[in-house]
Each structure stands twice: as structure tokens, then as C-alpha cells.
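Chemist: All chains, please: the whole structure from these sequences, using the hints.
Chains as they are written, first to last, in the numbering used here: chain U, 1 to 412; chain C, 1 to 412; chain Y, 1 to 412; chain D, 1 to 412.
Any given hint could turn out to be false.
Remember, identical chains collapse to one label, so a pair may be satisfied in a single copy or spanning two.
25 Å max Cα-Cα, derived PhoX-like pairs, lysine-lysine [said to hold, decoys possible]: (1) Lys-9 <-> Lys-54; (2) Lys-234 <-> Lys-29; (3) Lys-387 <-> Lys-401; (4) Lys-29 <-> Lys-10; (5) Lys-107 <-> Lys-178; (6) Lys-234 <-> Lys-340; (7) Lys-29 <-> Lys-387; (8) Lys-54 <-> Lys-401; (9) Lys-10 <-> Lys-387; (10) Lys-162 <-> Lys-260; (11) Lys-147 <-> Lys-10; (12) Lys-107 <-> Lys-147; (13) Lys-198 <-> Lys-176; (14) Lys-401 <-> Lys-198; (15) Lys-387 <-> Lys-9.
Source of the hints: derived by calculation from the structure; they are not laboratory data.
There are 4 protein chains.
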Amino acid sequence: MSAKPNAPKKVVLAYSGGLDTSIILKWLKTEYDCEVVTFTADLGQGEELDPARKKAEMLGVAPENIFIEDLREEFVRDFVFPMFRANALYEGLYLLGTSIARPLISKRLVEIAAQTGADAVAHGATGKGNDQVRFELAAYALNPDIKVIAPWREWDLTSRTKLLEFAEANQIPIAKDKRGEAPFSVDANLLHTSSEGKVLENPADDAPDYVYQRTVNPEDAPDTPEFIEISFEKGDATAINGESMSPATILTALNEYGRKHGVGRLDFVENRFVGMKSRGIYETPGGTILLEAHRGIEQITLDSGAGHLKDSLMPRYAELIYNGFWFSPEREMLQAAIDKSQEHVTGTVRLKLYKGSVRTVGRWSEHSLYSEAHVTFEDDAGAYDQKDAAGFIQLNALRLKLLAARNRRLKG
Amino acid sequence: MSAKPNAPKKVVLAYSGGLDTSIILKWLKTEYDCEVVTFTADLGQGEELDPARKKAEMLGVAPENIFIEDLREEFVRDFVFPMFRANALYEGLYLLGTSIARPLISKRLVEIAAQTGADAVAHGATGKGNDQVRFELAAYALNPDIKVIAPWREWDLTSRTKLLEFAEANQIPIAKDKRGEAPFSVDANLLHTSSEGKVLENPADDAPDYVYQRTVNPEDAPDTPEFIEISFEKGDATAINGESMSPATILTALNEYGRKHGVGRLDFVENRFVGMKSRGIYETPGGTILLEAHRGIEQITLDSGAGHLKDSLMPRYAELIYNGFWFSPEREMLQAAIDKSQEHVTGTVRLKLYKGSVRTVGRWSEHSLYSEAHVTFEDDAGAYDQKDAAGFIQLNALRLKLLAARNRRLKG
Amino acid sequence: MSAKPNAPKKVVLAYSGGLDTSIILKWLKTEYDCEVVTFTADLGQGEELDPARKKAEMLGVAPENIFIEDLREEFVRDFVFPMFRANALYEGLYLLGTSIARPLISKRLVEIAAQTGADAVAHGATGKGNDQVRFELAAYALNPDIKVIAPWREWDLTSRTKLLEFAEANQIPIAKDKRGEAPFSVDANLLHTSSEGKVLENPADDAPDYVYQRTVNPEDAPDTPEFIEISFEKGDATAINGESMSPATILTALNEYGRKHGVGRLDFVENRFVGMKSRGIYETPGGTILLEAHRGIEQITLDSGAGHLKDSLMPRYAELIYNGFWFSPEREMLQAAIDKSQEHVTGTVRLKLYKGSVRTVGRWSEHSLYSEAHVTFEDDAGAYDQKDAAGFIQLNALRLKLLAARNRRLKG
Amino acid sequence: MSAKPNAPKKVVLAYSGGLDTSIILKWLKTEYDCEVVTFTADLGQGEELDPARKKAEMLGVAPENIFIEDLREEFVRDFVFPMFRANALYEGLYLLGTSIARPLISKRLVEIAAQTGADAVAHGATGKGNDQVRFELAAYALNPDIKVIAPWREWDLTSRTKLLEFAEANQIPIAKDKRGEAPFSVDANLLHTSSEGKVLENPADDAPDYVYQRTVNPEDAPDTPEFIEISFEKGDATAINGESMSPATILTALNEYGRKHGVGRLDFVENRFVGMKSRGIYETPGGTILLEAHRGIEQITLDSGAGHLKDSLMPRYAELIYNGFWFSPEREMLQAAIDKSQEHVTGTVRLKLYKGSVRTVGRWSEHSLYSEAHVTFEDDAGAYDQKDAAGFIQLNALRLKLLAARNRRLKG
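Modeler: The structure is reproduced here in C-alpha cells:
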């Protein structure tokens with residue numbers, strides 16, 4: 001078989017070890033007669049990675065071309081935490097769990113391509129979703145000459161039947177539970193689990209209980225609230241209940257708290273970058289706790305000018321991450337502004353977890369800007385002169401008075 | 001007693017019937033030798049208004065100078081609902097329950113001043129808070145020549161003892177429970193109840209249970225979730241479970257749902273416009289449900305371009321309301337943009353209420369933009385050509401590639 | 001010849017009468033065996049339209065399929081003027097002369113398609129530029145089922161030689177000056193003339209003098225300044241030197257003033273929506289005067305709150321127009337906000353035109369918010385109490401003081 | 001004379017050596033019986049500083065309490081240049097020449113107070129303007145406990161006559177030309193000269209020629225254009241015509257170019273932070289050239305994502321500087337974002353200066369993102385595939401099509 005014109009010579013594939021990416025692995029070899037390097041990352045999706053190695057070997061990948069890495073700490077430290085400094089929410093509600101993982105995977109794909117002399121990378125995202133955009137924008141931003149292969153946009157394996165036929169024809173083992181079609185599609189990492197498609201496609205219908213995999217049903221959560229304390233340094237969580245932990249360890253621990261109390265479920269219809277609406281069920285147990293806690297610590301440590309600017313930049317920042325522009329100058333500009341604001345976001349928040357909700361109930365910090373002396377209903381010993389408010393109001397009102405006078409004048 | 005220079009001749013006082021505004025009523029007469037008109041509004045604060053009339057009469061206000069009005073429908077229709085079209089949250093979390101009520105009160109104060117020939121209005125807000133600003137900016141925006149009297153910024157009744165002495169000296173009746181100091185200060189209307197001050201002044205401490213007045217403790221809420229459906233027309237709620245209701249009736253009904261399920265509690269440290277941080281406990285039962293529902297219906301009926309623009313304008317819009325600029329050209333400009341976006345925000349949302357939380361679980365609409373044909377994992381019959389995504393990504397990536405090429409070139 | 005699958009049956013072509021769109025006309029017939037309707041609009045590009053009719057007839061278009069329209073008033077009234085209300089500038093400098101014309105052309109193409117039963121529209125924009133995007137987004141926004149044919153992205157007439165061969169083979173007359181290649185490409189309408197490509201492609205090189213077609217060289221402009229007065233009503237220009245005129249007449253007159261004084265030249269490198277940078281020479285004589293004048297009248301009639309909000313929205317608004325999203329919900333939302341701000345932008349501006357520049361030198365209005373009583377260095381008779389400024393500053397400073405105190409405390 | 005309660009013990013006065021600040025110097029001593037330290041800075045206002053020293057001595061200031069400093073380099077390097085990185089314009093036109101100088105003066109006042117053990121600073125700005133706000137916010141942000149004395153808001157020297165009487169009574173020499181009232185008020189520094197008040201107070205009237213002090217009338221400028229080249233490194237100007245210069249030297253040189261060619265005049269009505277409109281005549285010769293040049297170099301070196309974000313942040317950034325919030329967290333956040341964007345804003349711009357205008361006519365850079373290969377009308381050798389544009393447009397259009405389909409469906 002001769003290679004197609006402009007065909008890749010060597011491809012680094014984002015490989016999960018599952019059926020779909022195994023089919024892609026074989027298809028790449030068949031279609032392009034190219035060498036395939038597999039990259040399998042532990043981003044906290046909760047799956048063993050060893051099977052992926054074995055399967056890659058079985059599918060003919062040379063041992064030196066099999067890359068398996070635990071990226072959990074890098075993921076949380078360099079992607080999740082910077083994003084949480086911004087209190088980022090896409091369209092008001094979505095914590096961007098899938099979006100934030102893609103740039104890291106692309107970064108490693110491109111780096112492994114450089115290391116192994118590959119001229120292309122490949123991913124298993126479809127042509128309808130956001131992930132293709134995120135993978136590819138990140139890849140091109142890091143290597144403008146890289147080729148990106150997106151088999152789902154290219155091949156003719158457009159039905160379950162064809163995929164399974166291809167798998168059988170190529171000796172790709174098919175797990176029993178993959179023979180039938182899954183009732184929905186799942187993506188998971190340390191930050192979240194998302195489910196979408198099929199049984200979830202009608203946004204009018206309640207999501208079936210079995211869709212939720214990462215959190216207990218709030219009704220099944222403990223009948224007694226649990227209180228925890230999260231400490232922050234410069235905007236990043238550093239300890240739970242006084243115990244210091246690494247970024248990934250903290251998120252893992254918060255996930256367990258959230259799972260137990262049914263925190264972080266979201267039934268959501270969102271606008272994809274590619275132009276359509278889509279319905280997803282998101283479970284972000286630890287992230288939901290973390291967002292609440294981060295807001296809680298900012299409440300006392302962040303100045304209003306900084307906070308309001310952050311709030312006004314956040315939607316744009318979240319949109320950039322959602323759309324796949326992590327590695328873009330404008331995301332980096334916004335990050336510089338956000339990080340600048342976090343220098344004193346240090347302190348501790350007390351939270352109540354109970355049957356699906358998390359609420360801040362206390363916060364304290366050496367860096368607090370809260371001044372009981374100023375706000376008190378009691379005697380403030382001269383900290384604040386109430387008469388200043390009169391002048392403050394007069395000058396804020398001046399333009400409104402001039403407007404009212406203009407309107408009155410014109411009316412006669 | 002001769003009037004002071006520039007003293008008001010006739011003042012319309014925002015009068016609750018309580019001790020503080022009764023003291024103000026007497027103080028105004030004493031201080032300025034002026035006629036006092038009282039204005040008492042039912043904004044849904046849950047208090048009888050009749051006692052206010054009797055008390056005003058007893059304090060010497062002429063019957064024709066006593067104004068008592070039920071403003072609940074106007075409040076919800078013209079202030080609360082327009083604000084909810086924006087999904088307005090101040091500093092990410094606060095539903096602006098106090099802020100949104102002040103402009104309406106000022107509007108009526110100014111109108112009654114015009115009607116009764118008064119040259120001034122007066123309010124009972126202190127010199128430390130936001131409410132003085134909101135009352136006064138609204139008043140000046142509606143009548144640039146109105147005088148505003150803020151006794152708390154002027155008088156020397158600066159301690160509880162002095163206030164009570166003044167009350168006794170002026171035959172103002174003091175309810176038994178007002179003899180001692182309240183452990184915190186409360187504001188309430190149909191949208192929310194806020195509590196702040198004194199026992200709440202340390203933001204590290206949990207708020208005592210007795211602070212919450214409007215919602216049951218989530219632990220005491222029913223063990224079984226309740227599902228309700230809210231219908232919207234052009235962004236405003238119009239029906240619950242298929243039953244059409246007026247704006248105030250809907251909010252009242254949602255408040256009852258929220259109360260029962262412990263929904264809408266917020267322990268919050270916010271930045272006041274006057275420059276200090278302050279801690280408040282907010283209970284917004286119906287409003288919290290309404291916000292979730294409005295977001296839910298927007299998810300399927302609002303275009304992403306419109307939605308993202310709304311999201312980016314929201315923080316500014318919320319800040320304007322918080323700071324008291326309801327009657328300002330820029331709030332009206334933003335309202336024009338927001339209202340324009342709501343023309344198709346029509347449909348129904350299904351919500352689950354359970355032990356302190358409210359979650360959207362379904363939504364449907366004749367105006368839906370959700371296209372199962374486009375998003376489906378199944379055969380989409382040509383609705384969407386996945387190959388288009390390749391071009392979409394290439395052109396979105398072009399500038400990122402040019403950046404990467406520049407960086408590579410410069411590095412040699 | 002049999003039609004291709006999915007081929008259009010009847011196409012409305014944006015037809016200039018020039019060589020390129022004549023070739024497209026023939027190519028459409030050849031390629032798709034379809035009926036062609038031509039649409040030629042007078043947008044003030046300064047060309048006779050009669051030759052277009054004759055040429056279309058000669059190329060076999062049925063008389064009832066030839067549409068020639070003078071759209072100048074609609075163009076200025078419904079597109080240019082609304083845009084100028086926003087003071088729109090793309091990337092700080094470009095007055096969007098090309099961008100704003102495309103949606104109107106598309107609107108008429110789609111309307112004529114409906115009228116004539118055509119299932120497609122076609123345009124002569126290339127695959128590298130912004131105009132294809134603008135034409136097509138507008139068309140799809142107005143008719144989601146319309147087909148759009150963009151021959152430059154489809155055909156193989158990819159060189160000048162091939163085009164001329166096709167023209168000759170199809171009996172398309174070629175004007176003498178079109179035999180050779182033009183040294184640059186031009187677009188013109190009542191708002192501007194743009195030139196780009198070829199001799200202009202190196203942004204380091206001065207544009208040759210002969211590129212400028214619409215304005216005299218400032219060095220050749222009159223040695224004496226000229227002063228004119230432009231009057232506005234609700235944000236739109238309505239009179240010059242006291243003489244009322246229709247929108248298109250005003251812009252035409254301003255173009256003549258600008259031409260004479262060399263006003264409105266711009267040598268610019270911009271970012272195209274499709275991802276690359278491009279260099280253009282723009283001449284916007286009347287528009288440049290209009291922008292300056294509009295800013296001048298806003299200076300005295302627009303409140304600062306409204307003005308600053310407008311300023312902050314403008315870049316997004318300009319980007320939307322540049323990118324082709326005129327017919328989008330978010331542009332309409334912004335327009336609603338902008339139009340709301342213009343209710344009192346009524347009055348007159350005096351301008352000085354001199355050798356390439358236009359400057360506001362005076363402005364007056366019944367709607368003015370300028371208060372000499374407040375601003376005067378002389379005695380202001382109590383209009384403004386300077387002591388208010390102390391309180392204003394104290395409360396604006398409060399958070400900054402709390403920040404400084406925090407920083408001092410932490411440093412020990 | 002006994003000091004007033006809370007009176008300052010030692011005050012650092014921003015002292016120009018002119019009549020007004022000399023009166024303040026004496027008044028401070030008289031009013032507060034305090035020690036006075038004078039601070040006179042050379043910010044490029046074009047006045048000799050030696051007379052200020054002599055006059056301070058004559059008015060009884062101890063030599064060790066007289067501070068005279070040349071701050072021109074610090075002014076341009078740390079204030080003007082960072083601001084120009086943002087292309088900052090207040091209300092679309094004003095280059096913020098006065099605003100940007102105030103924080104530096106306050107910074108030195110506060111530092112000298114710390115050095116000399118003073119507990120207060122004083123300035124000569126009135127209670128109607130912005131400068132009082134800028135001086136004081138900066139001072140409080142740097143030292144929360146500093147007292148600020150603003151004599152114009154306190155004293156009763158409210159007329160020219162009273163001021164002159166006070167001067168005579170206190171042996172303060174009065175220059176002959178100060179006996180009468182100046183026809184307008186002037187502020188100057190290396191960036192600009194502003195004139196306002198009195199003869200300028202009617203914004204309808206042309207400013208008299210004699211108001212302009214810093215630039216020749218364009219009619220009197222040379223009849224031949226002059227071309228210059230400005231080089232930038234990371235957003236800051238570093239050379240003119242290839243000659244490297246320090247920041248202040250560059251601005252000084254550009255001022256001379258601008259002066260000669262009549263560049264940088266602005267007749268402007270602006271919105272003061274304190275709520276009123278005011279009319280000023282600004283001359284910013286070098287700054288106007290610098291802004292044009294900076295935009296020119298950004299055109300080829302700045303990515304569109306970064307540039308559009310900058311454009312959208314600019315109005316807020318300019319407003320912060322205008323309002324006096326230079327030393328605020330939000331200005332620093334924006335600066336961090338802006339500075340991040342300037343890493344590659346390096347290269348050279350060629351400008352044409354002619355009779356009042358400055359225009360970019362060429363720009364080039366090693367850091368250029370302009371790709372002739374992509375943009376060319378000629379064969380681009382595969383750099384860009386025009387077919388990608390079809391997919392790009394289809395996906396950008398998708399939501400617009402869904403909107404149009406919804407609207408069509410609802411209309412029946």
C-alpha cells in the first residue's frame with residue numbers, strides 16, 4: 001500500500017485503550033501506512049492505564065512508541081487551578097471540566113511528536129463537538145507545522161455496525177459491553193465527568209439516575225451536614241482541614257467529599273463553539289466545592305475594584321477556554337490580570353456540605369480587607385465619618401441631576 | 001422655633017411605622033419645624049400596614065398626609081422581573097434583593113412630594129450603607145431640585161440610649177422587644193430578607209440559626225424532592241405548574257416553595273459602594289428558584305451570541321443596581337439590550353427542589369433553538385457536515401499558527 | 001449538460017457589470033446549467049449602472065431577471081447612520097466602509113431570490129477575504145435554506161490567464177484596461193473607497209500616490225481652512241450649514257468637503273476575520289468628518305455614564321460588523337443600547353477642515369448637559385459645593401486605604 | 001497661635017513657585033502653625049526650578065525642607081510609556097496628559113513625607129476638578145494614614161481680590177502679569193499642555209489662537225511634509241530615525257516634531273469624575289505622534305486576539321487613569337494584561353507629519369505577524385486553502401441559520 005500524498009509518516013495518537021481509539025490506531029496504519037505512537041495520560045479519569053499499554057502492544061505498537069504518563073499534578077496545578085482563580089463558569093453554570101483537559105493532552109502530543117520525530121498527531125473527537133477544536137487549536141498553537149488527523153471527520157466508519165466490522169476485521173478485541181451501543185457518551189478526568197448523547201438528547205426529559213456516576217444522589221447523601229475548611233494561598237487551594245496537600249491530592253479529596261454529599265451535579269444545555277446547542281450532564285464534585293470556597297476567600301481578601309474587574313473579564317475568559325483558546329495571547333493576557341489579583345487571596349474558608357449543596361459559612365485570613373471597625377453598627381471610633389457620604393452622594397448624583405434638569409427644561 | 005436656613009418646608013418620609021422612622025418623623029418636625037408626609041409601602045415585607053397609619057396619626061400626621069400603598073405588583077413587574085431578565089448577580093452570588101427595592105420607594109417619594117407640594121424627602125438609612133446612596137441617587141435622578149434629608153447622617157442621636165430618650169421625651173411608643181438592642185438588623189421585601197450587623201459582624205463565625213427567618217433549615221426541609229414547572233414569556237415568569245399568575249403572585253408562590261425546601265440562603269461578604277466590606281445573610285427563596293429557571297429557559301431559547309453578550313454585560317448591570325444607578329442612562333441602555341434579547345425567551349422549565357437546592361432537570365419551548373437533528377450522535381441526515389469543522393478549525397487556528405511561526409523564527 | 005447533484009436551479013448574482021462578475025455569470029450557467037438573475041446596486045460607488053444592464057442582457061439574462069436599484073438612501077439611513085451612532089472604529093482606526101455595505105447587498109439578494117423563486121445567491125468575493133463571510137452570514141441569517149455560491153472558492157480559474165481565456169471563450173467583452181492586471185484591487189461605495197493587494201502588499205512601503213482616488217493629497221488641498229457646521233438629531237446628521245438634507249445627500253456633500261481638503265486617508269494593516277493580516281488604503285472623506293462631528297455633539301449632549309458604556313461596547317460592536325454579524329442578535333442588542341443613548345444627541349458642531357485633518361472647534365445644543373454654572377472658575381452661586389468633593393474622595397479612597405493598611409500590616 | 005485639633009504638624013506641599021502655591025505655603029503656616037516642606041518637580045513643564053527654591057527660602061522654608069527634583073525620566077518611563085502601551089484615550093480623544101502626572105507627584109509627596117517625618121501633604125488643586133481626586137487617591141493608596149490638605153476646599157480666599165490681599169499681607173511677591181486675572185488656566189508637563197476656564201468656558205466658541213502655546217498653528221507649519229521613523233521595543237519607543245534615546249529624550253524630541261508641524265491640538269468637552277462637563281484645549285504634540293506610531297507597530301506585531309482584547313479593555317483603563325486610580329489593584333491588573341501583550345511589539349514605524357496631522361505610512365519588524373504569503377492576491381503556494389473558508393462560514397452561520405429557522409417556524 002502506498003502512502004497518500006501529504007500523508008503523515010508518523011502519528012502520535014491520543015490513545016485511551018478503548019475500542020474507538022484502538023480502531024483509530026488500526027485505521028491510521030491502514031489508511032496512511034504510517035507509524036503510530038500512542039499517548040495515554042492519567043488525568044484522573046479513574047481507569048487503569050496498564051491495559052492501554054498491553055492493548056497498544058497487541059495492536060502492533062513498538063514498546064518505545066508507547067507513552068503512558070500520570071499528568072494529574074500538572075493538570076491540576078497548571079490548568080485547573082489557574083482557571084479556578086478566575087471563578088470561571090461557561091454560560092453561568094458549567095465548570096469547564098472537559099475543556100480544560102484538552103490543551104494539556106495536546107501539549108503532550110506535540111511534545112512527544114517532537115521527541116519521536118512524528119509529523120502528526122491524532123485524536124478521537126468527532127466533527128460535531130468542541131473537543132476537536134480544542135485539541136487542534138492547542139496543537140497548532142504549539143507547532144504550526146504539525147499535521148492533525150481527526151479520523152471521525154475523514155473515515156467512512158459512520159455507523160456502529162461499520163466500526164464493529166472494522167474492529168473484527170482487524171483483530172481488535174471488543175469488550176462485551178461495547179457490542180451494544182452505550183446509552184450515552186462519557187468523558188472523565190480529575191475535575192469532572194460529563195455525559196451526553198442518546199438518552200440525554202431530549203433536553204425536556206429528566207436525565208435517568210444511572211447517568212450519574214461520580215456523585216451519590218442527594219437523596220442518598222448523609223442526613224447530617226459535614227463541615228470542612230479549605231485553605232488557600234495566592235488563589236490556590238493548599239490544605240483541607242489544616243492538612244497541606246498537593247494540587248491533585250486536594251482535588252481528589254474534594255471529589256470524595258463532593259461524591260459523598262451529592263455535590264456538583266449539573267443538567268445543562270450549552271452552546272457549542274461549532275454552532276449548535278447540546279445537552280450534557282456534568283458532575284464536578286470537588287470543583288463545585290472549590291469554586292464556592294474560592295469565592296468565599298475572595299470575599300474578604302479581594303478588593304472590590306479587582307473583584308469587579310475579574311467578574312467582568314470572567315465570561316470572556318471562560319469562553320476562551322471553552323472554545324479551545326487556552327494557548328492564545330488573549331487567554332494569557334487575561335491570566336496575567338487574574339493572577340495579579342490573587343496575590344493576597346490567602347486564608348481559610350469553612351463550608352457546609354449537605355445533600356447536594358455546598359455553602360460558605362465562614363472565612364478568615366491574615367490578608368483580610370474586612371474591617372469590623374468600619375462596618376460596625378456600634379461606635380466606630382472615628383474610623384468612618386458618615387458625613388463623607390453626603391458629599392459622595394452629591395457628586396455621584398451631579399450628572400443625574402444635570403440629566404433631570406435637561407429633561408425638565410426640554411419638556412417646557 | 002424658627003426654621004433653619006435652607007430647611008425643608010414639607011418632607012415626605014419613607015415611613016415603616018417602626019421605632020426608628022417614628023423617631024425620624026418627630027425629629028424632622030422638631031429639627032426643621034416642617035410638615036411631614038408619611039409614605040408606607042407594601043413591598044411584600046410581610047408586615048401589616050394598618051399600624052403604620054395609626055401610628056402616624058398618633059404622631060400628629062394629618063390624614064391627608066398619610067400615604068399607604070400596595071406596590072407589590074409594580075415592584076415585581078417593573079423592577080424585579082426586568083432585573084431577572086439579566087440573570088443579575090452582584091459579585092457572583094447576591095440577588096440584589098435590597099438594592100432593587102430602593103428606586104421604587106424613591107420614585108413614589110418624589111411623586112408624592114410633587115403631589116403634596118413637598119420640597120424634600122427623607123429616609124431612615126444610615127451613613128454607612130448603600131441604601132442612602134440608592135434612595136438619594138434615585139430621588140435626584142427624578143427631581144434634580146428635591147432636598148433629601150438623611151437624619152442618620154445629621155443628628156446626634158448616635159446611641160441606642162439617646163434614641164430611646166428621644167422617643168420617650170416625644171411620646172413615641174416603644175415596643176417591648178425594641179427596648180433592648182436587636183442582635184442584628186433586617187430588611188425585607190417580596191424578593192428577599194437580609195440580615196446584617198452585630199452578631200453577624202465577624203465573617204469567620206457561622207450565622208446563628210435564629211438569623212434565618214424566611215426559609216426553613218435545609219435539614220428540616222421535606223425528605224422528598226418536589227418538582228415544579230415554571231413558564232416564561234419573553235423572559236418573565238408567567239405560570240407555575242401551568243397556572244397563570246400575576247408577577248407578584250408568582251413570586252409569592254415561589255417564595256413559599258423556596259421557604260419549604262430551604263432554598264436561597266446566602267452567607268455573603270460583599271463590597272459596599274461606600275468602600276467597605278460587609279457581611280450579610282440573605283434569604284431569597286423565590287428569587288433563587290426564578291434565577292435557576294430563567295437560566296434554564298434561556299439555555300434552549302437564547303442564541304449563544306446574545307447569551308454571551310448578556311453574560312459579559314451582567315456584572316456591570318448588577319453593579320449599577322447595587323450602587324443605586326437604576327435611574328441612569330447606562331442602566332437603561334443595558335436594559336434595552338437585555339430586553340431585546342428576551343423576545344423569544346418563552347417556554348417552560350422543570351425544576352427539582354430538595355433540601356436547600358434547586359436544579360433544572362428539563363426545559364422545552366416552541367421557541368427552542370435546540371436542534372436534535374444537528375447534535376445527535378445518530379445519523380443526522382445531512383443537517384451538519386462534519387467536514388466543515390476542518391475549515392472552521394483551520395481558519396480559527398491561522399493566527400495561532402502565525403504566532404507560533406513567529407516565535408519559532410525569532411528563536412532561530 | 002445535466003445539472004450536478006444539489007446544484008442551484010436559479011441564482012441571484014451580485015453583479016457589477018465588470019469583467020469578473022460577468023465571468024461568474026457565465027460560469028454559473030455553464031457549471032450549474034441554472035438560470036441567473038442579476039442584481040446591481042447603486043451604493044454610491046460612482047459608476048453608471050446602465051452598462052451593467054446592457055451587459056447582462058448581452059450575456060443572456062432575461063430582462064425580467066435584471067434588477068438594478070439605487071440603494072443609497074437605504075444604505076446611509078439604515079446601515080451607515082446606525083453604525084456612526086456607535087462611533088464605530090475597527091482596531092482603533094478603520095471606519096468599516098466595506099463591511100457595512102455587504103449586509104445590505106445580501107439582504108436584497110435574498111429578497112430578490114424570494115421574489116423570483118431563486119434557490120441560491122452568488123457573489124464575487126474571494127476565499128481569502130472578509131467579504132465572503134459578510135455576504136454569506138447575512139444571507140443565511142435572512143434565509144436559512146438559501147444556497148450561496150462563491151465561485152472563487154470553487155472554480156479552477158485561478159490565474160489571470162485562465163480568466164481571460166474563459167472570458168474569450170464565452171464572448172465576454174474585455175475592456176482594454178482589464179487586459180493587464182490592475183496594480184491593486186478596489187472597493188467603493190458612498191462611505192469609502194478601499195484599495196488593497198499587489199503594489200500595496202508590503203506594509204513597509206509607502207502607498208503610491210496613484211492609489212488614492214477619492215481625496216486630494218493634503219499637500220494639494222486649499223491653503224485656507226474651511227469651516228462647516230453639521231447638525232444632528234438623535235445621533236444622525238440632518239443638516240450642513242443649516243441646510244437640511246437626506247442621509248445620502250449629507251454623506252455625499254461631506255464626501256465632497258472631505259475630498260477637497262484631503263480628509264480621511266488611512267494606511268492600515270488590519271486583522272481579517274479569516275485569520276491573516278492585510279494592508280489596505282482607505283479613503284473615507286465624509287465618514288471621517290461625520291465621526292469627528294458625532295463625537296463633538298456627543299461631548300455636550302451625552303451623559304458620562306452613557307458615554308463610557310458606549311465606549312466600552314464599541315470595540316465589540318465594530319468587530320461584529322467587521323466580521324459580518326450585522327444580522328445577529330448580539331449586534332441588535334448592542335444597537336438597542338446605542339440607539340437608546342442617542343435620544344438627546346441633537347445639536348450642531350462646528351468643524352475646521354484643513355489639509356488632511358478635521359477638528360471640532362465648537363458645539364452647541366438645546367440638549368446640552370454642559371453647565372457653565374457648575375464648571376466656571378468664577379463664582380458659581382452655590383451650584384456646586386466644593387466641600388462635597390472631600391467626602392467624595394474619602395469614600396472613593398476607603399478601599400485603597402484598607403488595601404494600603406493591609407499591605408502595611410503584612411509587612412510588619 | 002495654637003494649632004487646631006487634628007491639625008497637621010508638618011506638611012509636604014506640591015510647590016510650583018508660583019503665586020497660588022506660595023499663598024498656600026503661607027496659609028498652611030498661618031492656619032495650622034505647621035512646618036512646611038516644599039516639593040517642586042520638573043516633569044517637563046518648561047519652567048526653571050531655581051526660582052522656586054529661592055522663593056521657598058524667601059517664604060521661610062528651611063533649606064533642608066526644600067526638595068527640587070527632575071522626574072522627567074521616571075515620568076515617561078514608569079507612567080507615560082506604560083499608559084501608551086494601552087493606546088489609552090479618554091472618551092475617545094483625550095491623551096490623559098494631566099491625569100498621568102498626578103500619581104507621580106503624589107508618590108514623591110508621600111515618600112518625602114516619610115523621609116522628613118511629615119504627617120500631611122498638600123496640593124493646590126481646586127474642589128471642582130479631577131486633580132484633587134488624583135492627588136488624594138494616590139496619596140491614600142500609598143499611605144493610608146497620611147493627611148491631605150486641599151486649601152482650595154477649606155479656605156475663604158474665594159476671590160482673586162482676597163488672594164491678592166492675603167499675598168500682600170504676607171509679603172508674597174506678585175509678578176506683574178499675575179495682578180490681573182489670567183484669561184484661562186494652564187497645566188503643563190512633558191506630555192502635554194492643557195488650557196481651560198474663562199475665555200474657554202463656552203464650548204460653542206472657537207478657542208482664541210493665543211490659547212495654543214505648545215504647537216504652531218497648522219496653517220503656519222511647514223509646507224513640506226516631514227517623514228520620521230520611530231522604533232519600538234516591547235511596546236516602548238526607543239529610537240527616532242535610528243538614534244536610540246532615553247524615554248524622556250524621545251518624548252522631548254517628538255514634542256519638537258509635533259510643535260513644528262502643528263500636531264496634537266484637541267478642543268474637547270469631557271466628563272469630569274466629579275460629575276460635570278468641562279471644556280479644555282489640549283496640546284499633546286509628541287504624544288499624538290507616539291500614539292499613532294504605537295498603533296502602527298501593533299498593526300503588524302500584535303495578534304488580533306490580543307489586540308481586540310486590548311481595545312475592549314482600553315476605555316476602562318483610560319477611565320481609571322482619568323479618575324485617579326493609577327495606584328489601584330484593577331489598574332495594575334489591566335497593566336499586567338497589557339504588558340503581557342507587548343512582548344513582541346518591537347519594530348519600526350514610518351510617519352508623515354504635515355500641517356496638523358500625523359499618519360503612519362509604513363511599518364516593519366522582525367516580529368511581524370504579517371504574512372504576504374497568506375494574503376497575497378498572487379499564487380500563495382498552498383499557504384492558505386480557500387476551501388477552508390466554506391467550512392469556517394458554515395459553522396459561524398449555523399446558529400444564525402437556527403435562529404432564522406426558528407423565526408420562520410414561529411411565523412407559520
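Chemist: Now tell me, hint by hint, if it's right for this structure.
Modeler: Each hint, compared with the structure:
1. Lys-9 <-> Lys-54: within (24 Å within a copy, 57 Å between copies)
2. Lys-234 <-> Lys-29: Neither, since 48 Å and 47 Å both go past 25 Å.
3. Lys-387 <-> Lys-401: Classified as both: same-chain Cα gap 20 Å, cross-chain 18 Å, threshold 25 Å.
4. Lys-29 <-> Lys-10: within (9 Å within a copy, 45 Å between copies)
5. Lys-107 <-> Lys-178: Neither. Shortest intra-copy (30 Å) and inter-copy (50 Å) distances fail the 25 Å Cα cut-off.
6. Lys-234 <-> Lys-340: both (9 Å within a copy, 20 Å between copies)
7. Lys-29 <-> Lys-387: between (79 Å within a copy, 21 Å between copies)
8. Lys-54 <-> Lys-401: neither (76 Å within a copy, 36 Å between copies)
9. Lys-10 <-> Lys-387: Answer is between: at 23 Å across copies they meet the 25 Å cutoff, but 74 Å inside does not.
10. Lys-162 <-> Lys-260: neither (41 Å within a copy, 54 Å between copies)
11. Lys-147 <-> Lys-10: within (10 Å within a copy, 40 Å between copies)
12. Lys-107 <-> Lys-147: Result: close within a single copy only, 14 Å intra versus 39 Å inter.
13. Lys-198 <-> Lys-176: Answer is within: at 20 Å inside a copy they meet the 25 Å cutoff, but 63 Å across does not.
14. Lys-401 <-> Lys-198: between (59 Å within a copy, 24 Å between copies)
15. Lys-387 <-> Lys-9: between (77 Å within a copy, 23 Å between copies)
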